[in-house]
Structure formats: C-alpha cells, structure tokens
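Line by line, the protein sequences are chains A and B.
Just add 140 to wherever you are in the first sequence, counting from 1, and you've got the numbering used here.
Just add 4 to wherever you are in the second sequence, counting from 1, and you've got the numbering used here.
Simulated from the structure, these hints should not be mistaken for laboratory data.
Don't be surprised by glycine CBs; every beta carbon is placed ideally from N, CA and C.
Do not rely on the hints blindly, as some may be mistaken.
[What the hints assert, rightly or not] Below, a list of computed lysine-lysine pairs in the BS3-like style, where the Cα atoms sit at most 27 Å apart:
#1 A:LYS395 with B:LYS131
#2 B:LYS179 with A:LYS398
#3 B:LYS131 with B:LYS107
[As the list claims (entries may be wrong)] Footprint (simulated), chain A over chain B, 3 or more residues, beta carbon under 8 Å:
#4 53-61
#5 97-111
#6 275-283
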Amino acid sequence: MNFIYSFQSEWLKTRRSLAAWLVLLGGFFIPAIILVGRVVYHDKSGPEMQSPLMWENVAGQCWQFMSLFLLPMGVILATSLITQIEYKNNAWKQVHVTPQGLTVIFLSKLAVILVMLLQFFLLFNIGIYLAGIAPALFYGDIDYPGQTFPFDYFLKTSGRFLLDCLPIVALQYLISLHFKNFLVPLGIGIGLMVAALIAVEWQYGYYVPYTYCPYNFFEMRGAAMKASKAVNIHYWALGYFAVFTMTSYLIYIFKKEKG
Amino acid sequence: MHIIETNGLSHHFTKGRPILDQINLRVKEGSIYGFLGPNGAGKTTTLRLILGLLRKQQGEVLIFGKNFGKHRTEVLRRIGSLIESPSIYGQLTAAENLAVWQKIYRCPKNRIQEALRLVGLQDTGTKRAHQFSLGMKQRLAIAVALLHEPALLVLDEPTNGLDPGGIVEIREMLKRLNRDLGVTVLISSHLLPEIEKLATDVGIIHRGQLLFEGTLEALLERQRQVSRIAFETDDAPRTLQLLSDIGQAARHDGSSITIPAVEKQAIADLNRQLVEQGIGVHRIATMEDDLETIFMNLTGEGGLGSLRE
C-alpha cells in the first residue's frame, strides 16, 4: 500500500517535467517523420499498403532510426531527468524525512521510470500504426492496409527492445541517484552509448550493456551480429538489469548523507 | 516529557575536530525551542542527525520517547520539517507541490488549501513554483511542513528570505500553532532577536558544543547576573584603583570603569566615596547587557556578530 501512495507521489512530480515531454515527443518523433514521408510520397507508399508485410516494413523503418540511437539516448535522458528531479529541486532531504521506507522510495522512483518507458513504447507503437494508415487517411483512392495488424509481432518486437533497454535504465538510475550534477549521468550515458555502437561488431560486444538495442535491431532485420548469435542478449540484458539495480539499491541504502 | 532527546550525539565529517561533540539536547513537549548559534556552529548538522538525514556515528536520538533508528517511519509520520533551503518542485503549482506530500502522508485533501491559507499562498492558482519569490518558496516549504498537522515541527532557519512582515507572520503562526494545537517547535536560527521573541526554551551551540540549555527566563537571569555598572569620571585610573581597593572587580570597558551589578544603596556609597576622593563623577549607568553579551561570555569570544543582524 505504501508503495502505491509513494508511486502516485512520484508520478505527480513528473507532471510538466522535461522527462514527461521527452517521452511524449520522443515516442511520436520517428513515426511522425515516417508518417510525413509516407503521405508526401503516397504514390510509392500507396501500392505498398496491400503488401503482406506492410506492417513489418513500416515498423522496421521506425525501429531502424529508433533502436540505434534515439531509444538509448531517450532512455539515458529520461532516466537521468526523472532521478535528478530531487537534486534539481533540492528535495532529497524532504523525501527522506517522509514516513516511507528507503526501499519504497527506491522502488517507486524506479517504477515511475519503467512506467514512463512503457508509455514511450505505447506511444511509439501508436505512432507506427498512424504512420501505417496515414496514406489511406489522407487520400481516398488509397485503400487501408490489406494485412491484418500483427499485434503479436508488435508486442514481441517492443517487448524485446524494452528488455534490451533495461540495463541502460538501471545503470543510469544508479549513476543519477549518486551524482548531483546532471552532466555526470548524461556524459557517462553518452560515452557508453558511443562505446556500444563501436562494440557491436566485436565478438564480445555483448559485454557492453548498452549494445543490446542495436543487436536486437540487426536480429530483427535478419542480420544478426556474431556476438548476438553467440549468446542470448535478452538474458544478458536482464542479468545486467538485476546486477545494476541491486548495486544501485545497496549504494542508495548505505549512503551516509540522504539529502 | 521530552519530545526530543539526544544523548552524547557526536559527529565528524573527516578526521580531526568533531563537528558535533557530545550534544545532549532536551526539547520539552509543548515548548518552542530556539536552537541558536552562529553560522557553522553545528545547528543544521544536529537537525539533520535528528531527522536521520545523516547517518549517526555516535550517540542516541530519542523522539517521542522512541529510538529514532528503530522507529523511523513511525516517528517521521508525526514530524514536519524544513531543513535549509526549501524543497519545491519548480514545474508544479503550490497546490500540486503539497499534493505530492499529501499522497505520502495520506492526510485529507482539504489540508492542502488549509496549509496554503496558513502561509498566505491560497491565491497563487496556476502559477508555477519556479516563478515564486524566495519568500514565497519559503512559505510553501513551511506549508509542506505543516500539511499533515505534525506534533513536532523541526525548522532550520525558516525565516530566511522572508521580508520583515513575513517574519512576523511566520513567528505569530508558530506561536499560534504552539499555543492552540500544542505543537512542539524546534527552530534553529543565527538571529538572536528572532529567538528572543519566539522561544520558551533555548539551546546555544557553538563550535559543535552545547554551551547553554534552559528556559529563556534562565537565560535572562544569567543576563542579569552578568550586567555591570559603568562609572564615567574625570580620572579613570584613580577610579579603577579606588574601586579595586574597596573590593570591587573593576575593569576598563571603553571610556568607562565597570563593576559587576550591585544594589542601589551600594551604588550611592561608591559614588560618595569617589566624590570624597576628589574624583568628578560624570555619569553612572547600568550597562544594558543583552543576550549577545551572554553569548560572547559563553563562547569566550566576541566574534558572534552574526547573532544580531
């Protein structure tokens, strides 16, 4: 019960925050570009509407841009921004004098980040859907997609990317809880993201916890990299998430100064 | 009963001189306890230790008679606090800021407007907190502390940033809460006049040591004890000599010779003796020693100017 009240309180703090705007705009950003492209070039996208793989193609286009750079970057920014709300507003001390356990505080803040991530995926998928049907919406002579909307495919794809994001969430959460300066989690996050993009071709690239989104994208395209063939990257992502979250929790609990 | 009791509370940040040294604080139920000391004396560190914001290194903290460490959430439920600068979410309105804490304390929603009214922020509407002046932010932080109707208020320099009118309002509000609702208030300040006008009990901390603790009356009595009589004459050296010869602890204080306060009749006798020795007496006055002088005496130095601003 405490957790629910704490979660509600944490959720309220995100109202009008930069992180909330980031989720909203970030979720629709790539689908909006694809949507405009499909509407403008309707002569090309129109005939594709009846393709048996129409939805997979649209989703693939959206994920291509999202998975390699924007998704990890968005997760880095959103996680750091949400966690840093307390530092920015000088509010950690007030949070820590409320009658709630430290575990509840830790988990409710993490839960808010995860729910925002889900929100982001939901908006992104709605965006893909709108991008898919846009030519038919704008032009009466273009038929709606002939292919049934593949819920299963969308769920699986999003689920895998969600899993692959979790190490980023957990590590950014750990760093953001610990450092007051927003530039530290941001800098480390961007550094690791660049390292991940370099490491994807390395046979042991799966050791780098930020590589799983790109690996998943290549798998999705049927071009799995050597490293991601060697191991199940989703298990690795879950493992890293568990390790980072536990480490983060212990550091938080044993921190000498609480605001 | 003591609402707050610390026993042998000591703290150090790095090796060397402790920030706090064996602090034994006793805050009585229903009192307004003024925790006074110059900047850097250890006030905020003490309050942070009491509230569990700093991990305790040595000593014991009892609040409502319970060990704070063992009953943390239970104790915190009955405390409202404001430590240092206000904790305000800038992108939220005043009411939304209070709603954040209302959910955790699970107090009725109408408390939000009541708390805002108490601090005069009921008309801020949709204005975001980042647009508030420092004084308004301070008021909002006080509203956060009052939201759940706590039995104990711990306020660290709560009038920082307030204009004189705001200071009076907050002072009157704290008195009212204490008088009408029996709220115990622990308030720290480096401003002596503020504490003089508000507190029933006083603790004075300096360089991590609690130099005085007692009622304001006890402190004022101490003031009376240390007050002195000043003699301004046309021959200060001879006045000093004469007063010393007749057993008075006389000393030079600026242009005067002073002795510890004596009865009225004794003053007349001393005056007569001075005149009989041919010394012209221009003025005899009781030195109005204020609390600041007591602090100077307690701390053994004169560097406490920040106590009176």
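How the hints compare with the structure:
no.	hint	verdict
1	A:LYS395 with B:LYS131	violated (35 Å)
2	B:LYS179 with A:LYS398	violated (30 Å)
3	B:LYS131 with B:LYS107	holds (21 Å)
4	53-61	holds (count 5)
5	97-111	holds (count 8)
6	275-283	violated (count 0)
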